[in-house]
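Student: As a plain string of letters, each chain reads:
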Amino acid sequence: MVFTQLHFSVAAGGAIVLRGPNGSGKTTLLRLMAGLARPVTGQLKWSGAALEDSDAHGKHLRFIGHLDAIKPAFTVRENLTFWRDFWNTGDASRVVDAMEAFGLAALADFPARLLSAGQRHRLALARLIASPAPLWLLDEPANALDDRSLNALTRTIADHRAKGGMVILASHGADLVSGGTTLALDKFTPTEVMQWDET
Amino acid sequence: MAFENFAAFIDMGGYAAWVWTAYGLATVALVGMLVVSRRTLKARTREFEEMKANRK
Amino acid sequence: MHKFANPTQFMRIANAIYPWVAGICVLLFAAAIPIALMFSPPDYQQGETVRIMYIHVSSAWLMMMIYGIIAANSAMFLIWRHPMANLVARASAPMGAVFCALALITGMLWGQPMWGTFWVWDARLTSTLILFFLYIGYIALADAFEDSERGDKAAAILALVGSVNVPIIHFSVEWWNTLHQPSIIKASKEGVDSSVHSSILLPLFLMMGAFTMFYFALLVLRLRSELLAAKIRNARLSQIAGHSAAQPAE
Amino acid sequence: MSVFTALLSRDLKLALRQSADSLTVIAFFAIATVLFPFGVGPEAEVLSRIAAGVVWVAALLAALLSLDRVFTVDFEDGTLDQLLLNGQSMTLVVLAKVIAHWLTTGVPLIIMSPVLAVTLQLPAEGYGTLVLALLLGTPTVSLVGALGAALVLGARRGGVLLSLLVLPLYIPVLIFGTAAVEAALTGMPSAPMLSILGGFALIAVTLCPFGTAAALRQAAE
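Residue numbers (the working numbering), protein chains in the order written: chain A, 1 to 199; chain B, 1001 to 1056; chain C, 2001 to 2250; chain D, 3001 to 3221.
Since the hints were derived computationally from the structure, they do not count as laboratory data. Take the hints with a grain of salt, since some may be wrong.
In silico SDA-like pairs for lysine to any residue, Cα to Cα no more than 20 Å straight-line [to be verified]:
#	chain 1	residue 1	chain 2	residue 2
1	B	K1052	C	Q2239
2	A	K59	D	R3217
3	A	K59	D	T3005
4	D	K3013	A	L135
5	A	K59	D	V3073
6	A	K163	A	A37
7	B	K1052	C	I2139
8	A	K59	D	Q3088
9	B	K1052	C	L2179
10	A	K45	A	L135
11	B	K1052	C	R2233
12	D	K3013	A	G13
13	D	K3013	A	K45
14	B	K1042	C	S2225
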């Protein structure tokens, strides 16, 4: 929507960091890659084949956006269990692993409405482990995280890539990946949403 | 000609109130749509021209 | 078909036929109005009130035709994402609502002298009323979003849902009507239907033609203004995008 | 199917935890019905004539009230984005949501309806058909309503707009729903009307989920 002439790809184990000022379209680009938005022109390819069916694309990826998709009436465990059951990848024990990885194990049976902003964000990130998928799309994942959680996230991303997973994340702060490609979005000229010829 | 004189035409066989109201409302509706549409078109043309002029 | 998807191409054709459509519209009105009001004979049962029928039926015809046009264009917009189809649907909707209202009001003005009451739960009037609500819903939904693209798509989906529903609603109301209506009104309605002869058909067709041409002529005008609105909006959007991208350099 | 079962059981569990929501809808249904005797007078003859229609209209309005929250909460907290990335089929997601809505509002309304019909002096012959008609008609109400709710996500004045969009589409259900009860009261067979209601439900279940899925997709865009 806001970029032209953007072309890139990510290989297994690879990572891309999207950088750019506010309004440069990092979120839009992530949502395009998730299949949540459709490009006006241009194509999304998975393993070399163009993606036609956005419904099926969902099983390739986990998307963590600004909204955490947490039900306050459920406990931490119930929130994670639901998403694991929903996507049905990985075994049930991963819910516990996920809570441990992001330091939520002690909070497992607390209702999510009691969590702080940082804890909620960690709970959202824990979905990455609870129900695995090859491609992670993370929108500003470092937001609201303390140093320990930041380390946990960095480690989780490194593990994921070591196992052949891919990560694309938008960030304007800390470096969460090593050896990834950086894509600076402010280089691409903004254009009109729909182009009309002058009459 | 279905009417003998002008008065009969206006009277519409006693149904003047209904017939003329219906035709009057139809006229108001059609002319109203025309006027409103033309006015928005003119307003937008002006706005567009101003935008173009400001850009240069 | 895809040639018409390009706004420039589309408007070139539309602007070329506009004077013809407008001219034919004026000619048809010039013929239809005197014939409908003066030269055609009164109906043997309805008397002079039959003259209301010419505009009533013409409005009713347009409200249905416009709904069809909106539904077809909504489908084209959703499937092929033709921007022009969307604009046609959006530019047509207010006109459809006005014709629908006109059909309702003239129907009431016709019903009062004929049936002795402004409103009867006659199948046609009831269906028209429901269609009017569908039009209002469509227009309200199309304008309910800050992001106009969302309004376009939501309204297009609604129009398609409506097009499946209109026949169902019509059938239901028709059935409900035969269940509940006393036979007097039915009889007088059949009186109208059976008395359709040429002296009525000529002014009716002229009036329907005039109304139809009026719609197409006005559609071209409204499309021009919708296109301008889209251009203005896009220019604003690109200004905003330009500003934010320029920020870090400053 | 994991998408369907997981989501359905989650929605039911949520509804159980927040059961006040469902109870409010039922309370509204009762209040709306009880208003009618005050409006038309307590004469048993008048009330029994309009009983079926009143129960149906009040049930439709109560269902309408509950539709607002079918997708709104999920839309606002980001759950909808994740539901769209289910990897199987958005239609399944929609079906799970609709069935959950029907179980948490449609079914309580059906259970409540005979009680309210008693206060409106509905003759004894009518109850079976009233419940059957509601049983066949409310799925359509949920299906069409979910479509409307998906369309108005994020709209200004969403609630009012929803009623404007959805109520005209409910008219066929209302017509045949009340006609079925009326037929039963006059000793005529009500099966034709009931089968038409079933037909509406079949049409709705084949078409509405696709429309709803499309509407949800464009709401997230």
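Student: Does each hint hold? Answer for all of them.
Tutor: Hint check results:
1. Of the pairs offered as hints, the one joining K1052 (chain B) and Q2239 (chain C) holds, with about 12 Å between alpha carbons and a cut-off of 20 Å not exceeded.
2. Proposed proximity of K59 (chain A) and R3217 (chain D) is supported: the alpha carbons are some 16 Å apart, at most 20 Å.
3. In summary, the hint linking K59 (chain A) to T3005 (chain D) is supported, as the alpha carbons are separated by about 17 Å, within the 20 Å threshold.
4. Using a Cα cut-off of 20 Å, the hinted pair K3013 (chain D) and L135 (chain A) is violated, with the two alpha carbons roughly 30 Å apart.
5. For the given pair, K59 (chain A) sits about 24 Å from V3073 (chain D) by alpha-carbon distance, which is inconsistent with the 20 Å threshold.
6. Restraint check for K163 (chain A) and A37 (chain A): the C-alpha separation of about 28 Å exceeds 20 Å, so the hint is violated.
7. The straight-line distance between the Cα atoms of K1052 (chain B) and I2139 (chain C) is roughly 30 Å, outside the 20 Å bound, and the hint therefore fails.
8. For the proposed pair K59 (chain A) and Q3088 (chain D), the alpha carbon gap of about 7 Å is at most 20 Å, so the pair holds.
9. With a C-alpha separation of about 63 Å, the suggested pair K1052 (chain B) and L2179 (chain C) falls outside the 20 Å cut-off, and the hint is violated.
10. Our distance criterion of 20 Å between C-alpha atoms is met by K45 (chain A) and L135 (chain A), whose separation comes to about 13 Å.
11. Distance restraint check for K1052 (chain B) and R2233 (chain C): the Cα-Cα separation of roughly 13 Å lies within the 20 Å cut-off, and the hinted pair is therefore satisfied.
12. For the proposed pair K3013 (chain D) and G13 (chain A), the alpha carbon gap of about 39 Å is over 20 Å, so the pair is violated.
13. As the CA atoms of K3013 (chain D) and K45 (chain A) are separated by approximately 38 Å, the hinted pair breaks the 20 Å bound.
14. The straight-line distance between the Cα atoms of K1042 (chain B) and S2225 (chain C) is roughly 8 Å, inside the 20 Å bound, and the hint therefore holds.
When the structure is compared with the earlier hints, violations turn up for hints 4, 5, 6, 7, 9, 12 and 13 and for no others.
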